[in-house]
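Q: Counted the way our numbering counts, the sequence shown spans residues 1 to 282.
Everything labelled a hint here was simulated from the structure, so no lab data went into it. Hints are supplied without guarantee of correctness; some may be wrong.
What follows is a set of in silico ranges between Cβ atoms, one per label pair, in the way DEER data are often shown [said to hold, decoys possible]: (1) A248 with G151: 49 to 57 Å; (2) T195 with H5: 33 to 41 Å; (3) S242 with D136: 24 to 32 Å; (4) A224 with L2: 34 to 42 Å; (5) R77 with S105: 18 to 26 Å; (6) A224 with A248: 15 to 23 Å; (7) E15 with R77: 25 to 33 Å; (8) H5 with A224: 32 to 40 Å; (9) D31 with A248: 49 to 57 Å; (10) P144 with G6: 40 to 48 Å; (11) T150 with G6: 15 to 23 Å; (12) G66 with Q18: 19 to 27 Å; (13) S217 with P149: 43 to 51 Å.
Here the structure is a predicted model, which means the values were calculated and not measured. C-beta: ideal position from N, C-alpha, C; glycine also.
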Amino acid sequence: MLAQHGMPVFPCAPEGKQPITRHGFHDATTDQSQVEAWWNRFPAANIGMPTGRASGVSVVDVDVHGTNGYDAIRRARRAGLVSGWEAMVRSPTGGLHIYYPASDSEQPSWQAGKAGVDFRGDRGYIIVPPSQRQIDGATVLYRPTSFAPTGGRPLDAQRLREFLTPPRPRPQAAPRREAAAPDADRMASWLGSQTTDRNLKLFWAACRLAEGNIPESDALDAFASVEQPDFGEREITRTVQSAYRTIATSPSTPTSTEPMLRRSSQTSAPARSFAPAGRGLV
């Protein structure tokens with residue numbers, strides 16, 4: 001058992017990822033009696049393990065939902081940025097978890113949503129074998145596939161992040177766009193002050209920017225400033241893209257989130273100033 005080998009663990013929902021305990025991965029422990037108590041109570045629970053300095057392990061999570069993260073991780077491998085791994089685990093959905101020794105210095109978790117790659121470091125966690133998921137009616141395990149013959153070394157997570165998310169080029173803005181840019185920043189500032197329904201409010205705000213003919217790239221740049229551990233780049237990107245698609249396909253129809261937002265945050269939304277628009281690693 002992991003806890004017997006000094007690895008802190010905590011229970012997560014059976015066949016899922018959501019922590020069961022009140023404080024999530026902060027409750028992780030190596031205390032054998034506590035671990036036994038948890039799994040006596042929740043015998044089907046999946047096993048969560050905090051990442052980073054809490055466990056001495058960091059993980060690169062290669063996703064296959066939406067963007068195929070294998071493409072990006074192959075490019076990173078050719079660039080020499082993902083060597084030093086200790087183990088690889090195939091996830092039930094076909095993704096890959098690449099395990100490294102954690103750095104002695106802080107390396108926060110992050111998401112590179114457009115690349116389909118996440119980093120699980122400090123203040124993060126991962127689901128570990130032999131946990132399982134139900135996929136198309138079948139039980140599929142988290143399955144170790146490779147172990148390095150020699151010890152690994154910590155990953156330079158910041159360098160990998162910069163490789164996967166290079167700065168977006170900023171073309172010279174036309175006068176109309178320069179005038180509109182503060183509106184995107186104002187929307188982002190308002191969203192950053194919100195503590196509930198952030199995804200819904202992000203969708204609403206992105207629809208407003210789309211109606212105001214603010215380029216999608218400008219909206220993504222502005223909303224990147226509100227990224228949080230539980231509200232990451234991937235979720236922000238998907239929501240903004242969805243909002244822009246909605247406005248593009250029905251430009252004269254008000255979005256369905258607007259009445260809800262009027263009810264839930266009448267006084268907190270910024271005043272509207274836009275005129276309406278008429279997958280192993282090889």
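Q: Hint by hint, say whether it matches the structure.
A: Results of checking the hints against the structure:
A hinted range of 49 to 57 Å holds for the C-beta pair A248 and G151, which are about 52 Å apart. Between T195 and H5 the C-beta distance comes to about 39 Å, which sits within the given range of 33 to 41 Å. Checked against the given bound of 24 to 32 Å, the beta carbons of S242 and D136, roughly 25 Å apart, stay inside it. Judged by the Cβ atoms, the range 34 to 42 Å given for A224 and L2 holds: they are separated by roughly 35 Å.
Taken as a hint, the range 18 to 26 Å holds for the pair R77 and S105, whose Cβ atoms sit roughly 24 Å apart. A hinted range of 15 to 23 Å holds for the C-beta pair A224 and A248, which are about 21 Å apart. The hint said 25 to 33 Å for the Cβ distance between E15 and R77, and at roughly 31 Å that hint holds. Evaluation of the 32 to 40 Å hint for H5 and A224 yields a pass: the beta carbon distance comes to about 39 Å.
In this structure, D31 and A248 meet the distance hint of 49 to 57 Å, their C-beta atoms being roughly 54 Å apart. P144 and G6 have their C-beta atoms about 18 Å apart, which leaves the hinted 40 to 48 Å range violated. For the pair T150 and G6, the beta carbons lie near 21 Å from each other, so the given range of 15 to 23 Å is met. Distance hint check for G66 and Q18: the Cβ-Cβ separation is about 20 Å, which falls inside the suggested range of 19 to 27 Å.
About 45 Å separates the C-beta atoms of S217 and P149, a value consistent with the hinted range of 43 to 51 Å.
When held up to the earlier numbered hints, the structure conflicts with hint 10 and nothing else.
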